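For this one, chain U is given, so just place chain X on it according to the hints.
Keeping their order, the protein sequence lines are chains U and X. 0 is the number of the first residue of the first sequence in numbering that gives the first Met the number 0; add one for each residue after it. 0 is the number of the first residue of the second sequence in numbering that gives the first Met the number 0; add one for each residue after it.
Source of the hints: derived by calculation from the structure; they are not laboratory data. Here the structure is a predicted model, which means the values were calculated and not measured. For every residue, glycine included, the Cβ atom is placed at its ideal position computed from N, Cα and C. No false leads were slipped in.
The following residues of chain X were derived to be distant from chain U, with all beta-carbon distances above 12 Å:
(1) A345
(2) F371
(3) I374
To spell it out: a stretch of chain X is covered by chain U in this simulated footprint if at least three of its residues, at any positions, have a beta carbon under 8 Å from a beta carbon of chain U; those stretches are:
(4) 11-24
(5) 212-218
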Amino acid sequence: MADKTIYAMYDDDNVLKDAAQSLVDKGIHIKDCYSPFPIHGIDPIIGVTRTRLGIAAFMYGLMGTCLALIGMRYFMIVDWPMIIGGKPNWTLFHNLPAFVPVTFEFTVLCAAHGMAITYFIRNKTLPGMPAVNPDPRTTDDKFVLEIDTHENHGMSAEDIISAVKETPIVELSENTH
Amino acid sequence: MFKEAAIREPLILGEKSYHDITIDVVGPIENKAPRAWYILLAISGLIAAWGVGCILYLIGTGVGVWGLNKTVGWAWDITNFVWWVGIGHAGTLISAVLLLFRQRWRMAINRSAEAMTIFAVMMAALFPGIHMGRIWLAYWVFPLPNAFGSLWVNFNSPLLWDVFAISTYFSVSLVFWYIGLIPDFATIRDRMVKPKAKKIYGILSFGWSGKAKHWTRFEEVSLILAGLATPLVFSVHSIVSMDFATSVIPGWHTTIFPPYFVSGAVFSGFAMVQTLMLIMRKGMKLENYVTVKHVEYMNIVIIVTGSIVGVAYLTELFISWYSGVEYEAYAFINRATGKYWWSYWAMMTCNVISPQLFWVKKWRRNLTFTFFMSIVINIGMWFERFVIIVTSLHEDYIPSSWSMFYPTAMDIGIFIGTIGIFFTLFLLFARFFPVLALNELKSILKISGESYKVKE
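In isolation and in its complexed conformation, chain U is listed as follows (with noise of 0.2 Å):
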């Protein structure tokens, strides 16, 4: 049997939400749901996991906290020592107030850019890519649910489809691939 996606649109989020919770029930699989907002509350319930960029954040920002400290130290205190309005240079330390902006603001350059290139990696939002959403008015105000024939081994389609069919959808499509 060709595996075919199942494309269920409703016009409310709301609504979207309800049907996507009673499709759950009944132990149907939803791959994903395009919106034209974050549709606050729909990832338990499709099972959308929660991001580790924030994580990955820190970690970029403790990077440029790093780099920066390492580059001051060795500019201003290893390769050519300057005493300038007599601010202490023997070590790192002593001249540490001195170096408290610029690790700051490096560390929100690295943190902050590191996300964002992250981000659209895993997105695969980059310029010139494709958009995959299945109608163009997914981006203005109707919200689909996607299924995919193949992720629900139990069902068949026709049994997929008479529980959309159930639900408030105002359309329904499907694409055989």
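What follows is chain X alone, placed relative to chain U:
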């Protein structure tokens, strides 16, 4: 579902659906631009071209074309720099700090305020660049390995901290702005009919499709960027103020500078947001989204920050007397009664007295009055920087070297020119970019929309 108290004024007026929000924001991009837009673009474009001409003349001839002299070595250039950076503080404050405080009214103004921030910081960064004289060597501000032996930039200097602060602030604000724009570009891409426009918005939208996981990441990234940008906003103008505060010039050498500069920056930034938003809501018919309540909220921020600035001025005056340092005392007496008395009193009137008028509810909800005040405040804030910089320098320790600063045509041309460039960029933004954060507005429609509130 979360509901907002019914007595709170709605943030989206009228009977709106999700689709209506799309139409209202994307409509101006799809339709032909009104004639007023072309007229405004032509005017600001001409001023911008004049500014670019002056800048090229300056670079070709040298910094001597400015009115600077041996005593007043810093004047309009740094005044304009600080003024523009200050204006650039509102955008990130609105989008980052208000996001952390969960203020929903930010959603109607954050996109254009952030755009304004980015353009203002670009204008600001221009001034130190052209002040170097040899702008083609501007990359020397970065610690790059070089052929001059162990010649590194000085990390003890606030001027170098500024390089890092401004470049971090600019690039992080840009990323924050763009990440928010991507889903809205996707909305435009999916509505565009002309293949060329569809293609361009397709590239700009990075192939955004609005998957559940992407939205989860989007919200997390927005929140973390807001958390990172919040201390960044405060650090940037603190560091700008240290350019002055760490020197030993009477009138500059004060520890109050960082908080005083930051609140002044937010004060002028919000004034500029008011100026732009009041024109934009009228011109693009966004009255249902940028409501009188939004204007009032911003005016309240203006009262708070304006009052902090007022207190800072008075504290400075008090300390100059209380410290017993005669040079410090003279710097302030000279500001108020010396040859530049008019600039001091212009600053006092515009920044201390005028924001207090917003205590009157009727006035802070009056759009014409707000528009007028927003311009007064920005003039006042320009004078603040002028007063700090020029009046502290022009009468130094040796009376024989006392002098005045007279701006040349190049000083004026470059300053006015940056205003032209700024407005040109903003007009282009208003024409081709989604000026309201579509996805965010849609997410608050059911919470703060007028029609939904009535139904309860």
